[in-house]
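Peer 1: The chain contents come next:
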Amino acid sequence: MLSGKTIVVTKCRSELGKQTLAYMAENGADIFACADKCTSGFEDYCKALGEEHHVQVSPLYFDMSDSSETKEAIGKINARSGGIQGLVNLAGKTRETCFGEMETDELGEIMRDEFLSTVIFTQGIAKHMMQKGRGSIAFVSGIAALDGGERLTAHAAAVAALLGAMRSIAIELGRGGIRVNSVAAGTVRGLWEDPLSSVRIQEAAGKTDLKRIGEPGEVAKVLLFLMSDMSSHITGQTIRVDGGVR
Amino acid sequence: MRRRLLEGKTIIVTGTARGIGRSMAEQFAVHGASVFALARSATSDHKEFCEGLKNLYEVDVMPVYFDLTDYDAMKGAVKEIRSVGRLIDGLVNNAGISPDLALMQMTTVRELRNVMETNFFAPYVFTKYIAKMMMRNRRGSIVNIASIRGIDPYAGDSAYAASKAALIMMTKCLAEEAGGFGCRVNAICPGLTETDMIAQLHDNNRNIEREATPLGKFAEPDDIANAAIFLLSDMASYITGQTLRVDGGVTSMRKRI
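Protein sequences, first through last, are from chains A and B.
If you use my numbering, the first sequence corresponds to residues 32 to 277, in order.
If you use my numbering, the second sequence corresponds to residues 2 to 258, in order.
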C-alpha cells in the first residue's frame with residue numbers, strides 16, 4: 032500500500048511506534064524511524080524490519096525539544112533524494128497533575144514537548160514536501176484532546192492545540208497536495224511509553240462500546256490508511272480510534 | 002496488510018445502480034469480497050455489471066432487486082439474502098436521494114416525507130434486519146453513507162440535511178447497542194462527489210464549491226469506496242460510532258452563501 036514512499040515516524044520507541052514501523056515496512060515504505068535515544072534493542076528492531084521487508088528503515092536519534100538537534104535531523108531527512116511522502120507524529124509521554132497543583136513551569140514544559148516541538152518539526156518536513164507537491168501528515172494524540180480528562184489539564188490543552196494546528200495546516204497546505212489529519216486514540220495498550228495499570232484497563236474497557244481497550248496495531252493500521260492513497264480525499268479530520276467511548 | 006483488504010468477506014450494498022454505490026460494488030469485488038448488490042430495478046445494464054465483476058474478480062456478485070421504501074418487498078429481499086446461507090460481514094447503506102434545493106418555506110410535507118422515507122426510514126428498517134444477523138454472529142461492520150450536509154447547515158437543503166443528520170445519530174446509537182456483540186457501526190460523510198448529483202450543479206456554483214475545498218477538487222466515487230473499504234476491513238477494528246468526513250477538507254459551508 033505504500034511502496035515507493037518514504038515515511039518519517041517520530042517517537043518510535045513505544046509499542047505503538049514499533050507496530051507503526053512494522054505496518055509501514057510490511058507495506059513497502061522506506062522509513063526514517065526517529066527516537067530520542069539509541070538503544071541496542073531499537074537499533075536491532077529497525078534492522079530486522081528492513082531486512083524482512085526489503086525496505087530501508089533508518090533510525091535517527093535526536094531530542095525534539097532541542098532546536099539545533101531537530102534542525103540537523105530535518106536536514107538529514109530532507110536530503111533524501113526522492114523526497115518524503117509521509118510524516119507520522121506519534122505521542123510521547125503523558126503527565127498527570129491536579130489542576131490546582133499545576134506549576135507554570137510544568138505547563139510550559141508540557142506545551143513545549145507535546146505541542147511546540149511537534150509543530151516545528153512538522154513545519155521543517157512539510158516545507159520540503161510542498162516542493163514535491165504531495166504528502167500526508169498525521170498527528171497522534173489521545174481523546175483527551177477532544178474530551179479532556181481528570182488530572183490532564185496540561186496534556187489535554189497541548190494536544191487540543193495540536194488539533195487546532197492540524198486543521199489550519201490542512202487548509203493552508205491542501206492546495207500544495209498535502210493532506211493533514213489526526214488520530215485521537217482512546218485507551219490503547221502501548222500508546223504511551225508508560226504501561227497501564229490493570230485497574231485502569233478494566234475501567235477504560237467498560238466505558239467503550241466494544242468493551243475492551245485497544246491494541247497498538249489497531250492505531251497503527253489507521254495510520255497506514257492515512258499514509259496511503261486510500262485516504263486521498265481525506266484531510267483536516269480527526270479520527271477517533273477509541274472503541275466507541277461514551 | 003493484505004493486498005485484498007476484504008478477502009473472503011460478504012458485503013451488502015444498497016443503491017448500486019450508479020454513482021458511489023456502483024463504484025463500491027466494484028471496489029469491494031476488487032478487494033476480494035463477495036457482494037450482494039442491491040438496486041431498485043432489474044435492468045440489463047445492472048445484471049451485466051454484476052456478471053462482469055464476477056468474472057473479472059472471481060467473487061460472487063449477487064444482484065437483489067427491490068424498492069427500499071416498500072417494506073414487504075424488503076422482507077422478501079432479506080429472505081432471499083438469508084437463503085444464500087452466507088455470514089454477512091458488512092452492510093453499506095448507500096442508497097439515497099438528493100432533492101432540488103428549496104428553502105424551508107417552499108418545501109412541502111410530501112417532499113419532506115419522501116426524503117425522510119428513502120434516506121432515513123429505509124436504511125433504519127433494513128439495518129434492523131441485517132444487524133440482527135450480524136449480532137447473532139458476533140461480528141460485522143455497518144457503514145452508513147451520510148453527507149457533510151448532515152453536519153454543516155446549508156440554506157435550501159433543510160430536508161436532505163435533516164435526513165442525513167438523523168442517519169448519523171442512528172449510527173451512533175446503534176454503535177452503542179451493537180458494540181457488545183462485536184459489531185462496529187460508522188458513517189461516512191462525503192463532500193461533493195463527481196456523480197450525477199453534482200452534474201446538475203451550475204458551473205458558477207461548481208467553481209465556488211471547488212474554491213472552498215482545500216484539496217481543490219471534488220471527491221471521486223472511488224474515494225468514498227476506499228473509505229468504506231477501510232471501515233469494513235479489519236484496519237478499522239477499534240473504530241466505532243464515528244463519522245468520517247471525506248470532503249477534501251471543507252470546513253464550513255456557510256461562508257459560501
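To be clear, the hints were calculated from the coordinates, so they are not data collected in a lab.
Values in this document were obtained by computation on a predicted structure and should not be read as measured data.
Honestly, I wouldn't trust all of these hints.
[To be verified] Straight-line distance between alpha carbons at most 30 angstroms, and here's what the computed DSBU-like set of lysine-lysine pairs gives:
hint, chain 1, residue 1, chain 2, residue 2
1, A, 163, A, 78
2, B, 218, A, 238
3, B, 173, A, 238
4, A, 102, A, 163
5, A, 163, B, 129
6, B, 129, A, 242
7, A, 238, A, 124
8, A, 242, A, 124
9, A, 242, B, 218
10, B, 173, A, 242
Peer 1: Please go over all the hints and tell whether each is borne out by the structure.
Peer 2: Tested hints:
no., hint, in the structure
1, 163(A) x 78(A), "holds (28 angstroms)"
2, 218(B) x 238(A), "violated (39 angstroms)"
3, 173(B) x 238(A), "holds (15 angstroms)"
4, 102(A) x 163(A), "holds (20 angstroms)"
5, 163(A) x 129(B), "violated (48 angstroms)"
6, 129(B) x 242(A), "holds (22 angstroms)"
7, 238(A) x 124(A), "holds (23 angstroms)"
8, 242(A) x 124(A), "holds (25 angstroms)"
9, 242(A) x 218(B), "violated (39 angstroms)"
10, 173(B) x 242(A), "holds (16 angstroms)"
Hint compliance for this structure: hints 2, 5, 9 are broken, all remaining hints hold.
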